[in-house]
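First to last, the protein sequences are chains A and B. Heads up, the first sequence is in numbering that gives the first Met the number 0, so the first residue is 0 and it goes up one at a time. Heads up, the second sequence is in numbering that gives the first Met the number 0, so the first residue is 0 and it goes up one at a time.
Be aware that a few hints might be false.
[What the hints assert, rightly or not] Away from chain B, derived, C-beta distances all over 10 Å, residues of chain A:
no.	residue
1	Leu34
2	Glu94
3	Val105
[What the hints assert, rightly or not] Calculated lysine to aspartate or glutamate pairs in the EDC-like style (CA-CA distance at most 16 Å, straight line):
no.	chain 1	residue 1	chain 2	residue 2
4	A	Lys76	B	Asp19
5	A	Lys32	B	Glu533
6	A	Lys18	A	Glu70
7	A	Lys76	A	Glu36
8	B	Lys193	B	Asp291
9	A	Lys76	B	Glu533
10	A	Lys18	A	Glu87
11	A	Lys18	A	Glu36
12	A	Lys76	B	Asp20
13	B	Lys15	B	Glu60
14	B	Lys612	B	Asp673
15	A	Lys76	A	Glu65
It should be emphasised that the hints constitute simulated quantities derived from the structure, not laboratory data. All C-beta atoms in this analysis are idealised placements derived from N, C-alpha and C, irrespective of residue type, glycine included.
The primary structure of each chain is shown beneath.
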Amino acid sequence: MVKQKSDLLHGTLDALILKTLSWGPRHGYAIAKWLEERMAAAVKIEEGSLYPALYRLERRGWIEPEWGTSELGRRAKFYRITKHGEAELRRETSEWERFSVAVTAVLLGPAEAAT
Amino acid sequence: MRERRLSREVVRLPVKSEVDDELAFHVAMRAREFEARGYSPHEAEAEALRMFRELEQVRAECIREGQTREREMSRAEYLVELVQDFRFALRQFARARGFAASTVLILALGIGCVTLMFSVANVYLLRPLPYPNAERLVFVGSGAPTVDWRTPQNVFSEVGAWDLDAFTMVGSGEPEELLGSWVNAGFFRALGVKPALGRFFTDDENRPGGPSVAVISHAVWQSRFAGDVKVLGKTFRAYASDNPEEAELYTVVGVLPQDFWSFFPFAQVFAPLRGERTVTMALLRPGVTASDASRVVTGLRRATAGAKAAEITVESVQARYAAEVKPKVVVLLGAVVLLLLIACANAAVLLLVRAGAREDEFSTRIALGAGRGRIARQLIVEGLALASAAGVLGIALAQLGAKSLGPIIEARLGRAIPGGAAALTLDWRVALAALAATVVCGCVFGLVPLFARGRGSAESVLTSARRVTESRTRQRLRSVLITGEVALSLALLTSAGLLVRSAWHLLRQDLGFSSANTFTAYINMRQARYPTDEARIAFYERLLARVQSESGVTGATLAQTIPFGEYSRGTETLEAEGQLQASAQQQAVLQLVHDSYLRTMNIPVVRGRGFEKSDRGGEPVALVSSDLAQRLWPGGNPIGQRLRTAKSEYAEAGEWMRVIGVAAPVINSLRAQDPPEVYVSMTQATALLTAVVVRTRANPADVGPAFRRIVSELDPEIPVTNPTTMRALVGQAQANSAFLAAFLAGFAAFALLLAVFGLYAVIAYNVEQERKAIAIRMVVGATVRDVVRLVMRRGVAITVAGLAAGSILGVLVTTQLQRRLDSVQGGSIAVFALQIMVLALAALAAMWVPARRAARTDPASALRS
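With the sequences and hints as input, model every part of the structure.
This is the structure:
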């Protein structure tokens, strides 16, 4: 059951990362913290899947890295969403919207029909 | 875009350390979080790591993704850069239009010539003849027995035999002579062609007394039958030379397709052979080679004719058809390949000179961070862009050349293009050759800049320390290229000189007769109407009398064959009476002539006398040409001697003829060996097909209509064919022999021009580069003469080296040409020396101009710049 949940998330993880970055450049840890705070109640984003996802997004040209200085005073890799990434985010958001409406309709449908 | 890439190139770390740094940072941040919650530092880090679960796996995955990205990136970048390079190259060319245009033009001419000549070679030598089984079609040499070879020996699946003939169509309108053939039924089966209408012949029709049926060509169908679709079953009346007794009524049974191409011109009318004929052509059974077939049929012959019977040759129709053309085509192809090499060297030199002039630009780019590889690639891209532009233009030029020069080349080579003139087009083989030529050029360009990257470096610009002299490699490369160019030019010049000299010799020789103001045509009398010598002689006399009565005509005569005429008689072996030594037998042309022939042709009788009326009915007499007299009776008096045609495989010995005179020798053709002649009077032996020669004070071409009128008044069924002037006949033959020489001379002139141009470009460039050095020398007292000498020294060295290498090449080329072309005589040292002189002088002139300019340099302004 847990696995299924994580699979579903795996597809939307990209969209979540892009959304996170749409407010400005952040490093991997900040992305993880931000998502944790928002999603803690629903799901746990694993570090193990976050970083490969970042590299994948970078490869696709949706995000691009830049080096900055972190809170620790260390050199840290910041990610910035690209034009392509923003377009992708819009596409995935609307897709998610359609998906969730459909799923909601199915899951909650009978109850509505009963009323 | 550029800036960003630049910064990443500088800052970007290798993927592995990037991943490690990033993950370490994450772990450190996480650990700090745990520490804040009260974990010990050690526990905090362990906890942070645990959150990754399989850290190694995550790390590997990140690295894999990162590396894939880098690979994709660099590939995309390469393409982007290539496009940039290409655009930059175009901008460069736009800025240096003269350079780009001359390079492309020179190369395009080279590629165009190679492509054109290759398409000629392709159509004659490579492409199969336009028959379905062309590769199995063979000619069978003489001596083949007239048996059906198909079944027992299993080497041929079809055999073809033919008898060439002229068919005179009579009936409606003027008589028209059509070239035709009597063929067996296997002829068309062997060729594998299908009729456009009707049918070809059956085996049953090939018998004595067979039906008078005919297959006509598409053109005859159009002209004689107006393309009537119901032509089958229609008839026409025609005389055939093989059956000249009377005109026969032929029924049309078939029409050949429009695109039918015959390897002999006797293809306007076909009729079935009436009986057995020697097999001349055959279709090999699949899997049987020509040499197998030759062995089998020779064995067959030897079984009946004895073991000493000569071998029967079996030879591919294609090879035989092209045999005469091949050496010329090979020579032309060789010449254009040389030309292409010269053009390549020339364009490379221009490119090098330009690369030198762009040294500053490269240094600047290097200083701005461009890699050396990037610069080299830029140069290669530029070279390839030039080469491909030249390739496209060259192919267009070749297409144009095929259209305009194709018919000339075809006429001069003396063999019809297989499949017709339209076959001389761009097919895949030609396209491949053109591509190959372009790639060769492209490679030269690709390699030259690699060799000559020079020492352009960031420092040289940053310190603005311009070198007074430039890279040795590039200098040397340029010299080598020019040397090669001079050498190749000399080789081409040598071969052109050789051919021009041979052609000149042929054209300048005394023909032995006067071709001025003479009209000539052939008439063909019918045996049925002129069955006896008396009847024919009476017609000759009536005809000549009528022609001579025309105004302006100063002489008229008849001969069975005339020099340079359409029909020629082969040579015969003549033997002198009472002579036993080897000289007793000589090859000569037996010329059957009217008594007035020598006089009308202006052929002098140098000894004895010409034919006279009193010779008629007496002892057979003959005149011999002086060269034959010299060979048959060396040092002796030929007058009063007797000679006859010797006994041969085909004929008995002729009658003895007494020599009454010696005529000056005559050139009958421009072939390598022109045989001597023996003149026999037409009162001794008559001919039905004879040439008429009319000498006039007026334009000889105007005689034609009057002549036709006279002939048709005397006998409306005698066709007049091949009307032309003697001048035109001779001119045609001369043009054919001079063709190769003219082409090679053109190529050589182009090569010479290129070599001189290249030399000029290099010297001029050197002068430009060494302006300062020259100025310094002038300041310290060098005279104009010193400067000229200094500038020209290197050019002279290049030229001398080129001429030396070219002399060796020239000797090689000369021997090759002599081996391949029988009309080529030995090279002459004087001509060779002249060619070297021409090249040397042209080279000196090319150097002199920039040297003078250098000497006129104002030292003050040169040093200040």
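*Starting from the hint list further up, note which numbers the structure goes against and sort them upward.*
Going through the list in order, the structure violates hints 5, 6, 7, 8, 9 and 14 and respects the others.
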